[in-house]
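Protein chains in written order, with this note's numbering: chain W, 1 to 342; chain S, 1001 to 1343.
Derived by calculation from the structure, the hints in this document are not laboratory data.
Quick reminder that beta carbons are idealized off the backbone N, C-alpha and C, glycines included.
One thing to keep in mind: the hints can contain errors.
[To be verified] With beta-carbon atoms standing in for the labels, derived distance ranges:
#	chain 1	residue 1	chain 2	residue 2	range
1	S	LYS1092	W	TYR194	52 to 60 Å
2	S	PHE1340	W	LEU197	32 to 40 Å
3	S	VAL1157	W	LEU170	28 to 36 Å
4	W	GLU173	S	LEU1028	52 to 60 Å
5	S	SER1229	W	GLN245	51 to 59 Å
6	W	LEU219	S	PHE1340	18 to 26 Å
7	S	LYS1218	W	GLU173	27 to 35 Å
8	W	GLN322	S	ASN1216	35 to 43 Å
[Claimed, not checked] Listed below are the simulated SDA-like cross-link pairs for lysine to any residue, each with C-alpha atoms no more than 25 Å apart in a straight line:
#	chain 1	residue 1	chain 2	residue 2
9	S	LYS1218	W	TRP321
10	S	LYS1218	W	ARG213
11	S	LYS1218	W	SER271
12	S	LYS1218	W	GLY206
13	S	LYS1162	W	GLY298
14	S	LYS1092	W	GLN304
15	S	LYS1218	W	THR332
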Amino acid sequence: MIEYKRLVRRTEPYILGAIILLSALIQARSGQFFTNNNLVDLTRSMVVPALFAIGAQMVIISGGIDVSFTAVASLAMYATTRILLPIDYAGNVALAYAMGASFGLVMGALNGVLIAWFRFPTLVVTLGTSSLFVGIMQGVLGAHELPVPQSMREHGQAFLFSVHNAQLDLSSEMPVTILILLGILALVFLIMRYTMLGRGIFAVGGDEVSAQRAGFNVLGTKMFIYCFVGAVAGIGGIARASMMQNCHPTNLNGMELTVIAAVVLGGTRVSGGLGTITGAMLGVALMTIMSNSLILIGVPTYWQKVFTGAIIIIGTGVSAWQVNASQRRLATRRLATGKQLG
Amino acid sequence: MTNKTAPIGRLRIAKDEDRNLVRLLIMLLFVFALMSALRPDIFLRPGNFISMATQFPEYGIMAIGISLTMIAGGIDLAVVGTANLSAIAAAKYLIATAPKGSPDGQVLGAILVAIPLALAVGLAAGAFSGFLISRLGIPPILATLGTQQLYTGFAIVLTSGKPLSRLPLLYSELGNAELFGFLPVPFLLYAAVAILIGVVLAKTRFGLRVYLLGTNAKAARYAGINNDSVLIRTYMLSGLLSSVAGLIMMARANSAKADYGASYTLQCVLIAVLGGVDVNGGFGTVRGVTLAVLILQFLSSGLNMFEHVSNFYRDIIWGGVLILALVFNWAIARRRERAFYKK
Chain W
1 MIEYKRLVRR TEPYILGAII LLSALIQARS GQFFTNNNLV DLTRSMVVPA LFAIGAQMVI
61 ISGGIDVSFT AVASLAMYAT TRILLPIDYA GNVALAYAMG ASFGLVMGAL NGVLIAWFRF
121 PTLVVTLGTS SLFVGIMQGV LGAHELPVPQ SMREHGQAFL FSVHNAQLDL SSEMPVTILI
181 LLGILALVFL IMRYTMLGRG IFAVGGDEVS AQRAGFNVLG TKMFIYCFVG AVAGIGGIAR
241 ASMMQNCHPT NLNGMELTVI AAVVLGGTRV SGGLGTITGA MLGVALMTIM SNSLILIGVP
301 TYWQKVFTGA IIIIGTGVSA WQVNASQRRL ATRRLATGKQ LG
Chain S
1001 MTNKTAPIGR LRIAKDEDRN LVRLLIMLLF VFALMSALRP DIFLRPGNFI SMATQFPEYG
1061 IMAIGISLTM IAGGIDLAVV GTANLSAIAA AKYLIATAPK GSPDGQVLGA ILVAIPLALA
1121 VGLAAGAFSG FLISRLGIPP ILATLGTQQL YTGFAIVLTS GKPLSRLPLL YSELGNAELF
1181 GFLPVPFLLY AAVAILIGVV LAKTRFGLRV YLLGTNAKAA RYAGINNDSV LIRTYMLSGL
1241 LSSVAGLIMM ARANSAKADY GASYTLQCVL IAVLGGVDVN GGFGTVRGVT LAVLILQFLS
1301 SGLNMFEHVS NFYRDIIWGG VLILALVFNW AIARRRERAF YKK
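Chain S extracted, bound-state conformation (with noise of 0.2 Å):
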């Protein structure tokens, strides 16, 4: 039974899908052109397309991470959390192996373990989010507000609040290098994670798994899912990502620090939405995403153009495209809806 629908309803989600990355890549270009209209001196300079490149990839590995829960039907607000508390357990162990002004074999050991640590954390963190969501049945909101609040006290109380820096130079160098001079390390690493988690969503049978849990759980579990553990994985994939994310955002800023990142939350839900994630669950793809986390950059390097405007100016634009993507993407669906009715 499944044979014979699946093919028809995947044809029909993929033109929809398609409809929804064209209206992407028109927005993208529109920025794009307005900024280069704008400040074409500074905007265009291409300093500015590798330090575009340099920020992007540590919320929109987030970003991607939250579409992932997202698309499984919940939500994972501990995102922030989980990638500083990597951040911070990797820092901890860098200090503590290998402090500043070690030799750089030393310092490369160190870095060695504390990545994979760092790693670890993440898993755990989202595990333990998911293990709260699937086999106690708290809601996804609440759960991940709970583990944010837990990890970010967790990495408040390792750290007394206060930065940890003197971090070995070798770390930062390596997570700032540049490939070929013009390909900073942290968008190699978002392409890395865009296109492997692009490859497990529609190609997997997990990834299959996520959107039909995501589409419908209960007819998910009757088609033989094992939900439970489909949703621990997927917010342990989610953690996974985000303490990637604490490692480039650790590198970026030569230190961490609990509360780094605090507005990447609302960021993320931001461009899931934006990029045509559903926040029912169900639909949304890494393509999708990836073009609405370089709109937001493309929208906030060009404020930062602007020494005047305030950078309270991008809560209310952050806040404002979010309610005007929703409203939209409803626009749109209603407008199909009809056509449907109509047939």
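So that you can see chain W by itself, here it is in the shape it has in the complex (with noise of 0.2 Å):
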């Protein structure tokens, strides 16, 4: 009983269930949906988004919102490719990834000391970093699109297996990058789970100057976030760019709110202190399915922001209303519990 209601409370199996509606609707309505092909693809357009969105639910869950990732992300990318290209650097990708990787962390440092050290406002903050992250790409860098070089052209058309879809004879590979999704994963699901440091985050979130009186260091906790989450956006980046077969500065632009409206879909709490990765995972699913599939159930495309603005609205009402609910249930208790005593 107690198991079950547990369940009922939690975010992630509703979100399953809307998953399951809708690809039992794309499929009903265009008999494309469970095809191999389509599922591998979906797959594949998953990898940068949930990159980014381990990232922001991170951010998330400390009580802050990071809405520089994609900025950072380009940026990254861009650097990369303009020192790799011009030798046509063919050795191993760790290399690029690193310098991805370190760009996007120096990036990240700055947002972290302007947050945990100055205590600014972190919609404020990001938006201001990541103009001028863009502007230093475009401005400074004088960015276009520029082809890859041959390491990252390489690891980006390597796969680890490949379906042929033999109705549609499509054929769809699975790539490497998605070790990389799974490896980061892992990683944040042992930080966040298994250590102080994750803890950490959770308790910043959850009330900052209780985490301080706990022992909790608030401020290398949140120094540590921002800098993981830029290197991470960094490597989103360079994994974009090697998947897309060329590094275009610009068309990351607009998908942190569709990252953000997933992460949040998946039962963040938008005021901090609650979230799990298996939810944010469900978020980007369900967003990724939803954007890819609207053109395959007849919506033209033009419905898309609008859909994201509603799924927006509806994910975040939903949670908001819960965390209502609960505190307006304790109030009644509290309430009722002072009648019988007075």
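Take each chain as given, in its own frame, and dock them per the hints.
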């Protein structure tokens, strides 16, 4: 009974239900959903948003919000490509990832200093820094579309396995970048669940003052979050450029909103302190299925933004309502006991 | 109790705000002097001032809207979406009832309906954001990020993503007219809005409640203020101002499109922060915001005089100025706090 109640209060089962319903609907309308190539394609287009979602979720759990990660990813990706392209770098792709992660880390550290040390509001800071990063990329570096160096090209073409849809004569490949996603997922899962650092992130998001009193290093925890999230964004940028086989400076713009929406939809509490990786990944899956399949069920792409907006509002509305409801329950209970005492 | 403490509190706030205004004024004069010294031949031309007075009202009015919501402890990130959606509603109506080339009388009649229509759309858009924030308790950032997407989405659906041109000429003629040959209509609208909102904030009960709500929402509730109603009205006001900005944008571009002014959101937040609006709510004046608007316009027109400077340097400058303004305000607040504890 208790187990059942706990399940009902959680968000993940609802998201899973929504995914199943939506998939069934798309399958019924188009007959093209549960085909091997569509499923592989969906997974493929989930890789980069999922990487970003991991970072966005850590920030939201800690009580902040980061809208700069797409700018960080774009600049890290562009700077790395600019450096490696002239020599058409063909060595281990790990170097590209290390460079992207380092660029991201530096940019994340700037966010971290402004947020952790100066204690400025996260939204205003990340709005400012994302404008700064975009400006540096397009003004100072004069960004334009670039091909990627050989190592990234090969890395992006490499695949784990390939499926063939005989009916449509289409093949899809599972990219190796999914291993990077899985690796980072495992790392973040371990950090968030089994280390004091991870518990500190939840504690800071739940109540900063209490976390401080309980002995958590709030400043250090926040610095870690923004540096780490910057590095993950940089890695996401490299993965993106590799998979697209070219480095496009602006086509990540606007993705920050869908990613944040996905995270919140997945049950991460917007005021901080609560959230699961499973939920965030389910949220990303739902958003990806939605944006990839609107066409399959005959909805014009013009409606994309309306759907994103509606999902953000419904997702955040439901979670805000749940919080309010639990507070109200608490208040009425107090009132009831008060009356009994009186 | 409130009667006793309010004047003292107000006095201290007034003193701090005077200092802030003096700082902004010095900054304004500095930027003005710098630009005049760099390119006196271009910057000091009367034509340049008229064109600046035509440019700043559209984002200045939205900045006042964002500032209102920030003073109330929130933020309205949907101003640009609201502005475009309102403009598109007005444009659709104008094109349907008085297409390009209709007689002036018919156009005028259509304009007299189109403007209230746009304002109503703005009010409704703001009311919906306010409802999400106050009644459902969604954090303002996320609620308005959502409504921004939603309104821009509706705007795209209504126009299929294409600009709505073919507006009757009279509309943009009226919108770009210059009173006495040197007072552009957008500038007059900005002045009217600034004075009106300034008075509302400083002199009315509603204004006081907005400040109280932004300072401490719980205390405001225990003081008997209906926070939900104040919040909804604040966001409605912000929506209304956005629709005014949308109408100005539509006159200037002589068209309406779903993605006009995409960079204005950041710029408006920057103006509010620069103008001394507290990001945590409770402080800020229209005077400060107006000075910040002018500083930005001088900077931006100044940059325009150098053709070889890429437009993207503007992004760096906006982002950089925003962060510097935050650091500066932080340093001032810290010094003040230290002085306070010394006493």
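Q: Could you check the structure against the hints above and give me the numbers of any it violates, in ascending order?
A: 7, 8
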